[in-house]
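In order, the protein sequence lines correspond to chains A and B. Per my numbering, the first sequence starts with residue 219, numbered consecutively. Per my numbering, the second sequence starts with residue 219, numbered consecutively.
Think of the hints as simulated: they come from the structure by calculation, not from any bench. Any given hint could be a false lead.
The list makes no distinction among identical chains, and a pair is therefore deemed to hold if it is satisfied within one copy or across any two copies.
Stated by the list, open to error - With a straight-line Cα cutoff of 30 Å, these simulated DSSO-like cross-link-like pairs (lysine-lysine) come out:
| # | residue 1 | residue 2 |
| --- | --- | --- |
| 1 | Lys232 | Lys268 |
| 2 | Lys232 | Lys243 |
| 3 | Lys377 | Lys299 |
| 4 | Lys230 | Lys377 |
| 5 | Lys260 | Lys377 |
| 6 | Lys243 | Lys230 |
| 7 | Lys287 | Lys232 |
| 8 | Lys336 | Lys299 |
| 9 | Lys260 | Lys318 |
| 10 | Lys377 | Lys268 |
| 11 | Lys243 | Lys268 |
| 12 | Lys336 | Lys318 |
| 13 | Lys232 | Lys318 |
Note that the structure is a prediction, hence the values are computed from the model and not measured.
There are 2 protein chains.
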Amino acid sequence: MIIHIISVGRLKDKWLREGCAEYIKMISGHAQIRETEIPDEKLPDSPSEKLIAQALSAEAERITAAIPKGSAVIAMCIEGKQLSSEELSAGLDDLCLQGKSTVTVLIGSSYGLADSLKARADVRLSMSRMTFPHRLAKVMLCEQIYRALSISSGGRYHK
Amino acid sequence: MIIHIISVGRLKDKWLREGCAEYIKMISGHAQIRETEIPDEKLPDSPSEKLIAQALSAEAERITAAIPKGSAVIAMCIEGKQLSSEELSAGLDDLCLQGKSTVTVLIGSSYGLADSLKARADVRLSMSRMTFPHRLAKVMLCEQIYRALSISSGGRYHK
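Bound-form chain A, shown alone (with noise of 0.2 Å):
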C-alpha cells in the first residue's frame, strides 16, 4: 500500500518538522508513504469569506492535481465520522481489498478543504470535536497512520 499525504503550507517549526518525520520512517517500515506539501495562499488578517472561499478554491485545484489516479482519498475535516484507531485500521484494510493501491489523506490550511475536495473524497475523516491547528494535526495524523497500519500488522505499538 502506498500513503500519500497531500498537506497545505510548510510545516515551518522544526520540533513539528521532527515530529512529522519520526512517524514518516516509523510508517516506511510497513508501507511506502509519500509526501506532497502544496504552498498555501497567501491571506490577510480577518479575511472575508469571499477571500477565504477563493483561497480554498486555488489550494483545491493544485491539491487535486496532486492525487494520483485511482487513488481512495480521505480528507481530513472537523465534521467527518470519527474513527477509533482500530476503525481506522480496518478501514485501510477495507480500501486495499477493494483494489485501491494507493490512499491519499487531504490535510488543508488553517481554513481547511475546500467543499469540492470533501464532496469528492470517499471518507470524511474527523480526529476530534476539538479544533487543532492544521500543523499539528499533521502530526497527530501521522501518528495515526503509523498506529494503523501497525493494528494490522499485529504489533505490540498500539494496547
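Fit chain B to the given chain A structure using the hints.
Chain B alone, transformed into the frame defined by chain A:
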C-alpha cells in the same frame, strides 16, 4: 486562574518537549501554569492486568498527593466526554465562576489513569475516539488549553 498539568512519565523526545514548551509559554500570557511530572512505574513488556492495576494505583497515589487542595480536577481519558474547543473554553470559564481558582488536568501513563482518579475527577475529558500516545496527548492538551483561554479572552488565535 491557575492551570496545573500533572502528567505521568517524562517527555523524552526533544520535539515533544519543545512543542509543550511553546504552548506552555503561550498559556502563561493568559493564566498561571504549573507542570508536575510524576515518575511512571516501570512495567515489563506485555504486563499482566494485575501488574498494570498495581502500577496505576501507585501512580494514582503520587498524582493525588500533587493535586492542590480545593482544585477542580479534569481527568483525560478516551472514554471521557468530548468537548469542542468552544465548550472547553466555556467549561473553564464556568469553573472560574464557581470560584475554582485552580484547575488540575491529569494525563496518565500509556496505560491511562486509575479508575479511582477518574471517579473523583470533576470532568472526564476525551480529545478523540482515536488512541494517541500520552506523550503526544500532552502537547495536544496544552494547545487546547491555550486555545480555550484565547477563545475566552476574545483573541484571534481561534478562527
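Here is how each hint holds up against the structure:
no., hint, verdict
1, Lys232 / Lys268, "neither (33 Å within a copy, 41 Å between copies)"
2, Lys232 / Lys243, "both (16 Å within a copy, 17 Å between copies)"
3, Lys377 / Lys299, "both (23 Å within a copy, 21 Å between copies)"
4, Lys230 / Lys377, "between (32 Å within a copy, 20 Å between copies)"
5, Lys260 / Lys377, "between (42 Å within a copy, 16 Å between copies)"
6, Lys243 / Lys230, "both (19 Å within a copy, 18 Å between copies)"
7, Lys287 / Lys232, "neither (32 Å within a copy, 38 Å between copies)"
8, Lys336 / Lys299, "both (12 Å within a copy, 27 Å between copies)"
9, Lys260 / Lys318, "neither (34 Å within a copy, 42 Å between copies)"
10, Lys377 / Lys268, "between (46 Å within a copy, 16 Å between copies)"
11, Lys243 / Lys268, "neither (39 Å within a copy, 34 Å between copies)"
12, Lys336 / Lys318, "within (19 Å within a copy, 42 Å between copies)"
13, Lys232 / Lys318, "neither (34 Å within a copy, 37 Å between copies)"
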